[in-house]
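These protein sequences, in sequence, are chains A and B.
Using the working numbering, you'd call the opening residue of the first sequence number 1 and step up by one each time.
Using the working numbering, you'd call the opening residue of the second sequence number 306 and step up by one each time.
Where hints are given, some of them may not hold.
[Stated by the list, open to error] Here are the simulated SDA-like pairs of lysine to any residue, each with C-alpha atoms no more than 20 Å apart in a straight line:
#1 B:562 x B:367
#2 A:8 x B:418
#3 A:12 x B:492
#4 A:132 x B:341
#5 A:144 x B:340
#6 A:110 x B:329
#7 A:144 x B:360
#8 B:545 x A:160
#9 A:49 x B:439
#10 B:318 x A:101
#11 B:567 x B:380
#12 B:318 x A:207
#13 A:132 x B:564
[Unchecked claim] Every beta carbon over 10 Å from chain B, so not counted as near; a handful from chain A, in silico:
#14 35
#15 70
#16 89
#17 158
#18 190
Worth flagging that the hints you see were computed from the coordinates, not collected in a lab.
Here the structure is a predicted model, which means the values were calculated and not measured.
Just so you know, even glycine gets a beta-carbon here, dropped at the ideal spot from N, CA and C.
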Amino acid sequence: MSENPFVKRLIKSWQLYALMSLPFLYLMIFKYVPMYGAQIAFKDFSVVKGIWGSEWVGMKHFSRFVNSYDFWRILKNTLILSFYNLAAGFPLPIMLALGLNYLRSSRFRKAVQMVTYAPHFISIVVVVGIVKELLDPRIGIINKIIGFFGIGPINFMGEISLFSSIYVWSDVWQHVGFNCIIFIAALASIDPSLHEAAVMDGASKFRRMWHIDLPGIMPMAIIVLILNTGHILDVGFEKVLLLQNPINLKASEIIDTYVYKVGLTSQVANYSYSTAIGLFKSVINLILLLTVNKIAQKTKQGSLW
Amino acid sequence: MNTKLSKESFSDKLFTILNTVFMSALFLVVLYPIVYIISASFSDSQAVVSGEVWLWPVRPSLEGYKAVFEYGQVWVGFRNSILYTVTGTLINIIMTVLAAYPLSRKDFYGKNIFMLLFMFTTMFTGGLIPAYLLVRDLGMLDTIWSIIVPGALSVWNVIIARTYFQMSIPHELLEAAQLDGCNDFQFVWKVVIRLSGPILAVITLYYAAANWNQYFNAMLYLKTQDHYPLQLVLKDILVKNDVDVGMLSGDPQDAAKREAMKTLLKYSLIVISSAPLLVFYPFVQRYLVKGVMVGSLKG
Numbered sequence: 001m002s003e004n005p006f007v008k009r010l011i012k013s014w015q016l017y018a019l020m021s022l023p024f025l026y027l028m029i030f031k032y033v034p035m036y037g038a039q040i041a042f043k044d045f046s047v048v049k050g051i052w053g054s055e056w057v058g059m060k061h062f063s064r065f066v067n068s069y070d071f072w073r074i075l076k077n078t079l080i081l082s083f084y085n086l087a088a089g090f091p092l093p094i095m096l097a098l099g100l101n102y103l104r105s106s107r108f109r110k111a112v113q114m115v116t117y118a119p120h121f122i123s124i125v126v127v128v129g130i131v132k133e134l135l136d137p138r139i140g141i142i143n144k145i146i147g148f149f150g151i152g153p154i155n156f157m158g159e160i161s162l163f164s165s166i167y168v169w170s171d172v173w174q175h176v177g178f179n180c181i182i183f184i185a186a187l188a189s190i191d192p193s194l195h196e197a198a199v200m201d202g203a204s205k206f207r208r209m210w211h212i213d214l215p216g217i218m219p220m221a222i223i224v225l226i227l228n229t230g231h232i233l234d235v236g237f238e239k240v241l242l243l244q245n246p247i248n249l250k251a252s253e254i255i256d257t258y259v260y261k262v263g264l265t266s267q268v269a270n271y272s273y274s275t276a277i278g279l280f281k282s283v284i285n286l287i288l289l290l291t292v293n294k295i296a297q298k299t300k301q302g303s304l305w
Numbered sequence: 306m307n308t309k310l311s312k313e314s315f316s317d318k319l320f321t322i323l324n325t326v327f328m329s330a331l332f333l334v335v336l337y338p339i340v341y342i343i344s345a346s347f348s349d350s351q352a353v354v355s356g357e358v359w360l361w362p363v364r365p366s367l368e369g370y371k372a373v374f375e376y377g378q379v380w381v382g383f384r385n386s387i388l389y390t391v392t393g394t395l396i397n398i399i400m401t402v403l404a405a406y407p408l409s410r411k412d413f414y415g416k417n418i419f420m421l422l423f424m425f426t427t428m429f430t431g432g433l434i435p436a437y438l439l440v441r442d443l444g445m446l447d448t449i450w451s452i453i454v455p456g457a458l459s460v461w462n463v464i465i466a467r468t469y470f471q472m473s474i475p476h477e478l479l480e481a482a483q484l485d486g487c488n489d490f491q492f493v494w495k496v497v498i499r500l501s502g503p504i505l506a507v508i509t510l511y512y513a514a515a516n517w518n519q520y521f522n523a524m525l526y527l528k529t530q531d532h533y534p535l536q537l538v539l540k541d542i543l544v545k546n547d548v549d550v551g552m553l554s555g556d557p558q559d560a561a562k563r564e565a566m567k568t569l570l571k572y573s574l575i576v577i578s579s580a581p582l583l584v585f586y587p588f589v590q591r592y593l594v595k596g597v598m599v600g601s602l603k604g
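Can you build the whole structure from these sequences, using the hints too?
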C-alpha cells in the first residue's frame, strides 16, 4: 500500500471508479471525441488524410459562411423562430401552472394535467403528420372550422408567412403541459402560511397570485429563461426538417437544417464547411449562456451555478 | 371571520370565473385534436374525407386499422422499434445508475471534475458531422448499435437520478451496510435500486419515449429498409405522403376510394404508433412532478 494520501483515497473508493468507468468511457468517446473532431472546421477535410492529417486553413470556412448569400437569411429565420417560440412557449406554461393552482375541483385539475401532458410523448414525426392532416386545405378539419366563419380555405403549409406560426403553436400544443410541471413543483414549495396570512389581511386571489405565487416561482422562471437563452440558436431542428417543403423553404431554412444539408445530403457534401457552421452556432450559444447567466448573477436573480 | 370565508368577494368570484374559462379553453384546445384523430381513425373512410366527422366517429368501422395491419412495412418498423426501444432503454437505465450513484456520494474523490465533464456536454457539442464521422469510423453505420450507443446516456437524467439518490438514501444506511460487510457494488444493487422505484420509473419513461420517438439518428445512420424503426416508416407515410397503394385493399382502379383509404390509414397509424407510450404514461404521471422537482434542485 502506498503512503501517498492521494493514491490512498483513490484505492479506497476504487469501486466507485469502477462503476463510473463505463459512463466515463461513453462520455469521452461519444461527446469529447466529436469535440476534438470539430477541428476539421479549421481544415480542408479529406477522407484519405483523415481528421488529423488534413490541412489547416484557418478561418476560411467561417468567413465563407458569414459572407455567403444565405447567411443573413438563415440567421434571420433561426432568430425569428427562436424568439417567437420563446415569446409564446415561455409565459404560457407559467400561466397554466398558476391557473391550475386556483382550480377548485381537483378532478378538473387532474383532467387538465393528464390531457395537457400527453402530447409531450407523441413523436415529432407524428406531430408533423397531425399538423399536415388537420391543416390540409381540402379535407383538414381546421379549414372546415374556419370555413364555418366564412374564412378560407387556407393552404397553410403553402403559405410562407404562416410557417413560423405553424411551428410555434404546434410546439405550444405539444409541450405547454409538460413545461408547466416544473412551475407546479415550484408552486408546491411556497410556504402556505404566506397565503394564510394574506387571506387574513383580505387579499384577493388575484393579489395573492401576483404578490406571492409569481415571486415564488420567479427563481425557477429565471433559470428556465437562462437555459433557453443558451439554446437560442437551437430551434427544434428535427421538426423544422419535417415541416420544410419547397414553398416555405425561404422561411424555414435554419442553421441546423443548413448544416445537415451542406454536410450530408448535398451533391458536393462539404464536411469542413458544415462543421464550421455548426461550430459557429455552438460558440454563440455558449457565449450567450455565459453572458445571461453572468447578468442574472450580478442582478441577484439566480444563476445556474 | 366565517362570513368572510364563506362569502367570496366580487373580485374573487370574477377571478375564479375567468380562471375556469381560461383553463377550460386551454383544456379543449389541447384535447380536441386528440379526440378528432381518434374518432376519425374509427370512422368510415368516406366520412373522413367528406368532412362528416366533427367529434365522434361517423359510421364506425375498423377499415383503417385493417389497412394498417395489412401494411407490411409498418410491422417491420414496429418490430425494429420495439427491439431498439427495449434494448436501448435497458442500456440507458444501467448507464444512468452507474454514473449517478458515484456522483451522489459526498466522499467520491474527484466528484466535481466528473460533474464538470458531464455538464459541459450539455452546453457545447462537436456537432453533427464529427458525430457522424465517429459512428462511421467505429463501423456502426447501418447496424442497431448506431441507434443505441450514441445516445446511451442523457446527462439531465443522470442529474435527476443523482439528486434523488442524495436526498432519499441516507448516509447512515450506507454506513450500516458497510459495517455488515456490504461493498459499493452490492449496495447499489441491493439498496439503491430498490429504494429508487419512482425516479427509475420517471427516467424509464423519458428514455423509452426518446428511443421510441427517435427518427433523425435512424435517418442518418441506417441505409437498409429492413432496419428502419417505425418513425422512419411513419415519416414516409405521414410527412412525405408516400403510401404504397399496393398494400391497400379495395379496388385499385377507384382513385377517389384509394385517396380516402390513404387518409384513413394515416389517422389509424397516428393512433397505433402513439398508443404504447400514451398507455404507459398515466402510470408514471404521478411521479412526474416529483421527478422534475428533484431534478431542478441544485446539489
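We went through each hint and held it up to the structure:
1. B:562 x B:367: Given pair residue 562 (chain B), residue 367 (chain B) holds - Cα atoms ~16 Å apart, limit 20 Å.
2. A:8 x B:418: 18 Å, holds
3. A:12 x B:492: 16 Å, holds
4. A:132 x B:341: 14 Å, holds
5. A:144 x B:340: Since the Cα atoms of residue 144 (chain A) and residue 340 (chain B) sit roughly 16 Å apart, the hinted pair holds (cutoff 20 Å).
6. A:110 x B:329: It holds: about 13 Å lies between the C-alpha atoms, which stays within 20 Å.
7. A:144 x B:360: 13 Å, holds
8. B:545 x A:160: 19 Å, holds
9. A:49 x B:439: 15 Å, holds
10. B:318 x A:101: With Cα atoms ~15 Å apart, residue 318 (chain B) and residue 101 (chain A) stay inside 20 Å; holds.
11. B:567 x B:380: Holds, at about 17 Å.
12. B:318 x A:207: The given pair, whose Cα atoms are some 13 Å apart, holds under the 20 Å limit.
13. A:132 x B:564: Holds. Residue 132 (chain A) to residue 564 (chain B) sits at ~15 Å (cutoff 20 Å).
14. 35: Violated: least Cβ distance 4 Å, not greater than 10 Å.
15. 70: 17 Å, holds
16. 89: The claim stands: residue 89 (chain A) keeps its Cβ more than 10 Å from every Cβ of chain B (closest is about 14 Å).
17. 158: The assertion about residue 158 (chain A) holds, with a minimum of 14 Å to chain B.
18. 190: Holds: least Cβ distance 13 Å, greater than 10 Å.
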